[in-house]
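With the hints as a guide, bring both chains together as one complex.
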Amino acid sequence: MLLGRTANGLYWMNRYIERAENMARLVDAGLRMALTRTQDASEEWTSVIISSGSDVAFANKYSDYTAANVTDFLLRDTSNPSSVMSSIETARTNARMVRTALTRETWESINEAWMSLKRMLAKPIDERELPAVLDAIKRETALIRGAFYGTMLRNEIFDFSQLGTYVERADNTARILDVKYYVLLPSISWVGSTLDNYQWESILRSVSAHRSYRWNYDATYKPSNIADYLILNGRMPRSLAFCYRFIAEHLNLLSEDYGERHACHDTALTTRSLLKVGSIKDIFDAGLHEFLSDFIRDNTRLGNEIAQHYRFH
Amino acid sequence: MAAFDEMLPEVSGLRKPYTAYDRWLKEQDPARLAQKMQDAERVFRKTGITFAVYGEQEASERLIPFDIVPRIISGQEWRRLTQGIEQRVQALNAFLDDIYHRQEILRAGRVPKDLIARNEAFLPEMIGVRPPAGVYTHIIGIDIVRTSENEFYVLEDNARTPSGVSYMLENRETMMQLFPELFQQIKVRPVENYAQLLRQSLAAVKPEGAKDAPTIAVLTPGSYNSAYFEHAFLADQMGVQLVEGQDLRVVDGHVAMRTTEGYKQIDVLYRRVDDAFLDPLTFNPDSTLGVAGIMDVYRAGNITIANAPGTGIADDKAIYSYMPEIVEFYTGRKAILGNVPTWRCSEPDSLKYVLEHIHELVIKEVHGSGGYGMLVGPAASKKECETFAAKLSSKPSNYIAQPTLALSTVPIMTEKGLAPRHVDLRPYVLVSDRIQLVPGGLTRVALKEGSLVVNSSQGGGTKDTWVLDD
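Those protein sequences? They're chains A and B, same order as listed.
The numbering of the first sequence is the numbering used here, which starts it at 12 and goes up by one.
The numbering of the second sequence is the numbering used here, which starts it at 408 and goes up by one.
Isolated chain B, as found in the complex (with noise of 0.2 Å):
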């Protein structure tokens, strides 16, 4: 089946939103295009906008291929778009809620009891924590797929600690700084306000006993994490100090940082570093990633983590499932985005046609993420499928599937000109007192033909997202 084409559909032609576009793309000389993707790299290698590759040595920082032609959305494409994420966002957070308190979802039987008890991302320690503002995930990127003009589905929910804003905004950056008349011809809704957005959410989801202008930080793993650019992009951009554990320590009830003063106190954190690694008193005790005691502070109420610890079980793949009935249930409407189909392969029937049917479909990990470890079995050999199912059939319960999707095209630029490539959508949302997005996000495309694999660790690129303000 031919995928859709976001630019020039088989069937209908030019789409509306590339008008303009298209007819500023076809004065150019090829050349001077060429001239400019060589430009985007240069600048993307000087600006320190790479992610590290584990078990890489010699490519230890690596760039991700930026795509000069842009994904664009029309404006009411994405209004669309908006109601269906907000009305997830809500629901995930109300999900959170639940499952750490009275657990009604579970009670009414829409989601069974063994797939929170058992699952390792919810975490027992935040039963009966309510965190500031009532908020649990307070930074979440959706991923999005389109298959058709109308058909849009929800491929992945990101509740923890999504990546990729950074991206979303230097592709925005230097699309404007390679090609400033086009910003001037079409009218493109800006995402620079992403990083006011962040920390006046951050601060509106402040401790109650927190001084008006609350002190934030992010807290990074380190200088080696994969996403420390970003890291220290986001703390450059809200103006707000990029701490590592060693930093950190409890003083007097309240988690504190090493000045050249001395302690300063630290009212909202927002975290990159996993649960696992957030309080070694808590949690894994080998961390020296996080502080050991924040999580005391915490059910104390005297800082706001962000995002809440155990916001896992909210977009575990295994949840995800469910998600329609969850959506439903807390928001008493049918899901405006739709889920793609899902065979949980924990159910002895759907074990038997995902092995049935292995070569057609795309299994994942249930707790596994970046691309690793999953099977897409039209790309796969026969050997490689057989493999695969002994592996699912052993832990049947570790394992999702979901059907082939025709994942839609937007055109990258080759040296042979425009060439379709699959894509997908990252909207970045931020859940406060309200729910805020950014119009667009982050567009990841697989460079390679016909792949649908867009992680970046696995050969994606990203594309400026624009969303139009028409």
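Extracted from the complex, chain A is given alone in its bound form (with noise of 0.2 Å):
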């Protein structure tokens, strides 16, 4: 048995893990770019500000995509409710309200990482620190992740867990692709550009996923692979049809144990069918962009349906 609110709480719970782990990369590629490129990186961390869902935010408070203004919004500043700062506070408040569904090693990785990051956070980041403090951001997260996994039981309170955490990464890897989807779009890559190479390279990065790429496909970036990587590879821990599998895993155990199904099983079920039968080309053909946005839209749909059937609230 499980409270609703339990739910709610585990599933936000993770949903903040991952956004403060996904953040991070998503600097730590925009770091990268800046450092390898000869030309204006303000580019590229305005990209990497949309990316992460806050180029309004950040628009309201700065007119200068530099990279000391896009990583103190990114990773410190409270104001913005998905920097890493205020992800993992909104993470442990939810952690604490669901004290009693955690192990004592997960809500102390939990505590940990909040108590060293708020330390680590407190001061501008100088920038000689902030491959270290990326590092102690990503390691953070691995220690809570591996807590978890260790020590929790498959049970409903794993289930929620994991929603929220496959919801919250298909949610993320859509929105890095959405935003860069049209230096994948075949009739740019026929240019063949370094100006596409590093791009692609860097759309790779921000999943960490540009030497399992090489292992996967080939030592050259091609738009149609990177796109079948990150939407329809099954083995690549990030892509959306990864992330699918897992929530449909999860849904069909909540539905074995409940022995009730919802329109969420539905929503689930669609998706997952369209990723796992679908083809590069076909996405391709009828639209990148389209494809990308209706994604989004059903996976946020989704969450909605998986909070009101197992009334969250």
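Everything labelled a hint here was simulated from the structure, so no lab data went into it.
Keep in mind that the hints are not guaranteed to be accurate.
In silico DSS-like links for lysine-lysine, alpha-carbon gap of 25 Å or less [to be verified]:
| hint | chain 1 | residue 1 | chain 2 | residue 2 |
| --- | --- | --- | --- | --- |
| 1 | B | Lys594 | B | Lys443 |
| 2 | B | Lys453 | A | Lys129 |
| 3 | A | Lys149 | B | Lys453 |
| 4 | B | Lys433 | B | Lys823 |
| 5 | B | Lys433 | B | Lys594 |
| 6 | B | Lys759 | B | Lys789 |
| 7 | B | Lys423 | B | Lys594 |
| 8 | A | Lys233 | A | Lys191 |
| 9 | A | Lys134 | B | Lys453 |
Here chain A is said to cover these stretches of chain B; the calculated rule only asks that three of the stretch's residues, wherever they fall, bring their Cβ under 8 Å from a Cβ of chain A [said to hold, decoys possible]:
| hint | stretch |
| --- | --- |
| 10 | 642-648 |
| 11 | 654-668 |
Note that the coordinates shown come from a computational prediction; the quantities given were computed from them, not determined experimentally.
Idealized CB from N, CA, C, for every residue including glycine.
Put into structure tokens, the structure is as follows:
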């Protein structure tokens, strides 16, 4: 038996842990691009801000897309609800609320992540320290995940937590792709400029897939392969297909436990089959941007349906 | 007057319960002990054993300082305390039952009628209501102080929602982590079964119609409450749901919680929400912390609320001064554990005495708690005494006064070694069809030299409390 409010807390706790990690990864990719490109880096930082989904809030506060402004906004700024600091704070508040549903190890890993990041992000980050800070964020979230997978019972508590993780991750990956969908379009890929090479690498870096890509495909970046990797490849842990494989699995476990199915099961299944049988050619033919917009919309709807049917509120 | 030290009294030297500990302590390297003190703080922070201090934004989560020197009680001392506590708890429940039914004690003139009728803690809604299994106060904390080898007094009864038991449990966990060897050398009676006892005790007072394995839940005001850690801790340790008002509603004459599979009935609610907020339909209409209609369910006998609404009438400081009479009235025997002599300022002669001796006395607000709104005469300046005297004279019935007791001390570990500090003791008592105590309780210690205020909100700390298995 699980309280609706607790299921809600678990779901959002995990969404925010995932978000904190993805935010660090985005900044990491931006940093890398800024370091390797000779041209003005502000274009890259602009796209980092858009991928993070906080372009409006950023524009209200800053006019320049500089490394210092962007990293401060995405890592430290508590007025930005999706910054790493805000995300960890929200994750911990939720964890405290659902404390009884967590193992001591899981709670302590979240509490310790909060304590150490709070200290680390208390002051503006010196650019020389940025790589170390990004590492620390990824390490803390990895420790949380380790404690979670290692100690939690595989029951409904686990299912709702995983739903949060994968709904958030699918949203993140889809947004990163959507922000740069134009650099993946076939018409532009024919140009084959070095500019595109950088852009493609940046996409892969944002999801920590630049090395694994080479093992799975080829040493050269091909837009259709990149899109295939991040959308349809069921072995790539940040791809949409991968996320939906687990969303469907955990929703199924819940319906078996509870003996009832809801609209969210159908929504998840529809998306899952689409990703399972689809080909990247079909997606490109129908329009990548349209596909991604629809996906983001359906993914959001799924989140709402889960909240409604499992009585989160 | 020098205070009685429980480890090293001036007159007789090292006391017996501390012999083995003292031997161990003398073998320890001071640097190692200093390191252990830091380890202890780290353990508490990481576990999140914090409490909120209201009105202090910055320090919204603070630790209660923990001292590594245990407070040790011999088995024999504990047996004597237990008898006194059991007697007192029995009387408290009998008093509550009487006060909400026939009011024999008022008719007998042993407690003045006025004290009940005009008391905010008395709930007319409870008149004639008999809680499941006839138990009113299920979880009680009795604050006890010691002044010499053989003198113990009850300072206060906590019959509403006593807190602090999680510290008792975590203090022991921490001590066992820090000094495992100590527990092999010295046989200390365990406390870790408290949560199991609590769950069994709550299950034993389930409503008559409830199923054999009743559904129990802990009701918390929420994660911003100062004692939230404890609420979560106890629910977790018992293996029951931790609910908030927003999770609950009345469904088909029962209180039910909103789960992912719909509403599920609750049979026993261990509530950590004050009476006033329990039911907006009966008490404070603005409350969002309680459950609308729970009092109707309660009166229909369909839920156990622990502790029962209205138990505050038994631990009110004005009632406290009548406890010796109350104990004798219901148990037919003299109270084994004495009260601290108390002047009721509502009585003109007492008021006169208190005003004349204000610099010698501790004066407390009748309804206050947490060490707020009190004056410690000997520690107060002349001006503070005068200001307080004015407050006292304007509303005498709001105050009681007690002599400044020479509370016993137990050493704490400081940078310069052991140093005596004043302590009190709060044993926790569980009442169902029987009365149960875990050996020991929570020892609170005033960390400031000479201070008598042990409250955590006022710079107090805690110690692990050992009852020896001797």
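Among all the numbered hints in the text so far, which are the ones the structure does not match?
none
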